Amino acid sequence: MLSVPSVIIFGIDIVTFSVDLLVIYAIYLVVSLTLNLEAGYSGIPNFGKAMFVAGGAAVAGSVSGRLSAFIVGINFSGDYSNSAPVIINKLNAALSLNPILSVEILLLGVALAAGIGAALGYLASYPAIRLREDYLGMLLLASAQFFQIFLRSYPPVIGGVQGIEVPDFFGWANTGPGARDIVILGVVILFAVSVYIYCERVARSPLGRTLRAIRDNEVASRALGKDDVAIRKRVIVVASAISGMAGALLTFYVESVGPDTWSRQDWTFPFWVIIILGGAANNSGVALGAFTYAFILKTTDKAKFLLQGILPSTTFNYLQYLTFASLLVLVLALRPEGILPEKPSLTLKRQSVAAIIETRATAPHQKREDSSLKEDG
Amino acid sequence: MAIGLTLTYLTTKVPNFAYGSIVTIGIYSALSFYSLYGISPYGALPVAFILGSLTSAAIYLGILRTLARRGSSLVGLMIATLAIDIAFVGIFGLYSDYLYTAHRVIYATNFPQLPGDFSLFGVPGIAFAAPYSLAMITLGLFALLTETKFGVAMRASIENPSLARVLGINVEAVYIFAWMLAGGFAAMSGAYYSLWLPGGIDVGSKLIVEIFASSVLGGLASIYGAALGGVIIGASEILITTAGVDVFGSSVGIYQKGIPLVFMIITLLVLPQGLVSLKVGKAVRLIRTLTFARLLKYLHLRGN
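Protein chains in written order, with my numbering: chain A, 1 to 377; chain B, 378 to 681.
Bear in mind the hints are in silico, worked out from the structure with no lab data behind them. Note that this is a predicted model, so its numbers are computed, not measured. Glycine included, C-beta positions come from ideal geometry on N, C-alpha and C. There could be a bad hint or two in this list.
Selected chain B positions facing chain A (in silico; Cβ < 7 Å) [unchecked claim]:
no.	residue
1	416
2	456
3	524
4	525
Simulated restraints, written as ranges between beta carbons of each label pair [unchecked claim]:
no.	chain 1	residue 1	chain 2	residue 2	range
5	A	115	B	416	51 to 59 Å
6	B	646	A	330	32 to 40 Å
7	B	612	A	344	51 to 59 Å
8	A	344	B	439	49 to 57 Å
Given the sequences, and given the hints that come with them, work out the whole structure.
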């Protein structure tokens with residue numbers, strides 16, 4: 001029996017608030033890291049991030065509900081998106097008794113999301129490697145906007161304008177108040193940490209250095225035999241697949257998915273704020289930026305909730321847009337490299353560097369054929 | 378609208394994502410005039426023009442030029458315009474909240490098309506006014522760029538800023554003027570827009586796709602191309618959708634907004650320089666070399 005104590009300060013349940021903040025933080029972190037991989041390391045201006053996250057979220061929400069209703073054996077008349085509100089409670093009850101099935105469908109949803117993300121990324125990479133960055137930015141932005149219109153106006157995917165409800169695949173974990181959210185938090189943090197480690201490893205690998213080389217001087221890197229087209233394509237596909245997975249996890253967390261979420265204001269722009277604020281091409285900077293963003297977002301959301309009677313809640317949304325936009329412009333003007341600037345990549349451990357310096361110092365004329373030195377070049 | 382975007386792109390070489398929001402300025406000036414004073418959107422045109430041009434100049438001077446001088450990259454500037462656009466969505470939102478609380482204007486965040494249009498032969502006046510102003514603006518720009526000394530200076534500063542500077546042209550002033558003109562046109566088109574279609578706080582941000590598509594189709598480097606692109610995109614959106622609805626039923630109508638995107642992708646992949654790069658070029662070159670006056674004379678002679 002897992003239960004979460006509630007600590008209430010100023011009418012806010014701090015624990016619930018922190019859990020929610022951390023879940024959102026982890027998801028934002030993942031998407032920002034992938035954007036950093038594209039924009040920070042490889043110089044691909046992805047102004048259509050919303051499309052890839054939305055793709056993952058939509059397919060996960062759309063397939064998982066139908067599939068679980070089919071497996072559990074709940075009949076519904078007409079389209080799933082219309083009958084979801086009616087059957088969702090029965091479905092959740094059945095799923096919470098069957099943790100293995102829940103986890104299986106959950107994993108399948110995430111895998112499908114990764115697949116659709118990769119597919120969209122592959123589509124996007126076709127123009128991406130042929131166009132100049134300004135044209136590419138426009139094209140991706142336009143595609144993302146159209147994708148949102150598509151989700152809104154094509155009901156079979158996620159029920160058109162209203163969106164659809166998604167069954168709760170963590171119902172089995174709900175053994176005490178707040179326990180479900182703690183389990184989800186564990187899952188998304190695990191996911192975020194693995195993506196972080198992956199991105200950091202890529203950044204420090206020879207591939208990471210190649211990416212920066214292509215970003216900084218395409219012609220020179222091509223002359224050195226680096227296939228910039230293939231590498232960019234790979235970056236977009238991988239980054240989009242991970243973004244899709246993040247979208248799927250968000251869908252499973254909030255238990256619904258609708259088209260209006262995936263606007264440019266809410267799902268493309270924030271990640272640019274995060275990587276510019278934290279520092280492009282620096283993963284720890286991105287982690288810091290994502291936390292700053294998520295913290296401001298969630299505290300102002302809370303303030304919006306508390307001041308409901310005094311100010312219209314829309315006013316707060318508008319103030320949030322205004323704040324983040326001004327923040328971005330200020331950072332661009334005053335500290336364009338971000339809080340934590342890009343650093344030369346560390347390829348060797350500090351001790352081995354020290355050891356090399358020492359051997360150099362004691363035997364300056366001796367030529368060394370050390371393999372660890374070669375790796376750096 | 379696309380004309381203005383092309384103008385700003387020409388001067389700074391940055392795709393201006395905030396451009397759509399200046400269109401929204403026009404829409405909101407029309408709304409304010411109508412709901413507060415009962416004046417038709419046509420009456421809002423001058424105010425829209427002034428507000429739009431001032432805002433546009435402020436964006437250029439206050440943000441883009443400052444950032445560029447501090448060494449921002451192209452992508453940095455693009456993000457800055459994206460940020461401005463989002464800030465504007467916030468500002469219009471706050472403004473509509475203000476309209477609602479202070480003046481009880483309901484539906485200020487999303488309102489239907491505004492009344493106040495006159496009608497001519499049973500057709501709404503906007504159907505005449507909008508194409509007429511497009512023609513006037515294109516002709517006016519054409520005359521400005523080819524006939525006046527300032528226009529020549531403007532072309533020079535756009536095509537080769539450093540050489541123009543050497544010749545003593547105040548390139549900065551020219552750029553500011555271009556941005557003001559662009560902002561003014563955008564806001565004016567916004568006021569027209571409010572007569573024809575429903576308005577809202579993010580209409581401009583959503584329109585940006587069509588505007589970019591028009592500019593790209595026409596060729597981002599040509600003002601005349603932008604006018605042409607605008608007409609083609611606008612017309613094809615309506616015509617293809619109507620044809621599609623006739624053939625496949627009403628369900629395809631929702632994909633109307635996909636048409637500009639398709640145009641944009643095809644143009645970018647097949648004809649990245651836009652329509653003006655086509656080798657209908659002879660005619661284009663003829664028009665370009667002819668000055669405006671000679672063109673008139675030419676037409677006059679042929680008329681005889």
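Hint-by-hint comparison with the structure:
no. : hint                      : in the structure
1   : 416                       : violated (26 Å)
2   : 456                       : holds (5 Å)
3   : 524                       : violated (31 Å)
4   : 525                       : violated (30 Å)
5   : A:115 - B:416: 51 to 59 Å : holds (55 Å)
6   : B:646 - A:330: 32 to 40 Å : holds (37 Å)
7   : B:612 - A:344: 51 to 59 Å : holds (54 Å)
8   : A:344 - B:439: 49 to 57 Å : violated (35 Å)
This entry does not satisfy hints 1, 3, 4, 8, going by the numbered hints stated previously.
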